[in-house]
Amino acid sequence: MLKSIEGNFDNLEVNALLIKHFIELRSVSPEGSAHVLDIAGLKNPTIKFWSLWEEDELMGCGALKFLDKDHGEFKSIRVNDKFRGKGNGSKVINHLIFEAKKLNIKKLSLETGAGNFFTNARKLFIKSGFKITEPFSHYKEDVNSVYMSMLISN
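Numbered according to the working numbering, the sequence shown spans residues -14 to 139.
Calculated from the structure, these hints are not laboratory results.
The structure displayed is predicted, hence computed values, not measured ones.
Hints are not guaranteed to be accurate.
[Said to hold, decoys possible] Derived pair list, reagent style DSBU-like, types lysine-lysine, alpha-carbon separation capped at 35 Å:
| id | residue 1 | residue 2 |
| --- | --- | --- |
| 1 | Lys87 | Lys33 |
| 2 | Lys71 | Lys5 |
| 3 | Lys5 | Lys33 |
| 4 | Lys67 | Lys5 |
| 5 | Lys71 | Lys54 |
| 6 | Lys76 | Lys91 |
| 7 | Lys112 | Lys5 |
| 8 | Lys5 | Lys28 |
| 9 | Lys5 | Lys86 |
| 10 | Lys116 | Lys86 |
| 11 | Lys108 | Lys71 |
| 12 | Lys5 | Lys87 |
| 13 | Lys91 | Lys116 |
| 14 | Lys125 | Lys76 |
| 15 | Lys71 | Lys116 |
| 16 | Lys112 | Lys87 |
| 17 | Lys33 | Lys91 |
| 18 | Lys28 | Lys125 |
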């Protein structure tokens, strides 16, 4: 049974997963093209964050940033290594879509990397209904980034 907890950054397991996420993404993204938020950034009031648990084990996490009242951006989607390759990335995305619908968001967008490291992430987002689009919000055209969006209905 999947359980979600909102905003528990101070949990040691959640904290460790996020730090690993930040370090890894910054290591594979050229300077100026890494858009990952640190924990302080995720605590911004425009962002809602959830950790997802299977029993007592941290499966993954993800965040939703409000760009405006109808438009949200996915941030910090990560699956714990033990849970990778088992369809859990889709569970995180589906949970975020579910939460976005409850918040009356109509459009979801995201930025991910264009390099080989991000191939599986791009495939997962496309499988989840996202389409490649132009830069949105504050993003600029960047050969190292891929921008995606999808419309959702409540």
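Hint check:
Pair hint lysine 87 plus lysine 33 holds up; C-alpha atoms about 12 Å apart against a cutoff of 35 Å. Our distance criterion of 35 Å between C-alpha atoms is met by lysine 71 and lysine 5, whose separation comes to about 20 Å. A C-alpha spacing of about 20 Å is found between lysine 5 and lysine 33, which places the hinted pair at or below 35 Å, so the restraint holds. Straight-line distance between C-alpha atoms of lysine 67 and lysine 5 comes to about 14 Å, which keeps the hinted pair within the 35 Å bound.
For a cut-off of 35 Å, the pair hint linking lysine 71 to lysine 54 stands: about 33 Å separates their Cα positions. With a C-alpha separation of about 20 Å, the suggested pairing of lysine 76 with lysine 91 holds against the 35 Å cut-off. In summary, the hint linking lysine 112 to lysine 5 is supported, as the alpha carbons are separated by about 25 Å, within the 35 Å threshold. For the given pair, lysine 5 sits about 17 Å from lysine 28 by alpha-carbon distance, which is consistent with the 35 Å threshold.
A hinted pair counts as satisfied when its Cα atoms are at most 35 Å apart, and lysine 5 with lysine 86 qualifies at roughly 29 Å. With a C-alpha separation of about 18 Å, the suggested pairing of lysine 116 with lysine 86 holds against the 35 Å cut-off. Restraint check: the Cα-Cα separation between lysine 108 and lysine 71 comes to about 15 Å, which is no more than 35 Å; the hinted pair holds. In summary, the hint linking lysine 5 to lysine 87 is supported, as the alpha carbons are separated by about 30 Å, within the 35 Å threshold.
The suggested pairing of lysine 91 with lysine 116 holds, with an alpha-carbon distance near 15 Å, which does not exceed 35 Å. With a CA separation close to 29 Å, the supplied pair lysine 125 and lysine 76 stays within the 35 Å bound. In summary, the hint linking lysine 71 to lysine 116 is supported, as the alpha carbons are separated by about 23 Å, within the 35 Å threshold. Restraint check: the Cα-Cα separation between lysine 112 and lysine 87 comes to about 22 Å, which is no more than 35 Å; the hinted pair holds.
A distance of roughly 16 Å separates the Cα atoms of lysine 33 and lysine 91; the hinted pair therefore holds under the 35 Å criterion. For the given pair, lysine 28 sits about 24 Å from lysine 125 by alpha-carbon distance, which is consistent with the 35 Å threshold.
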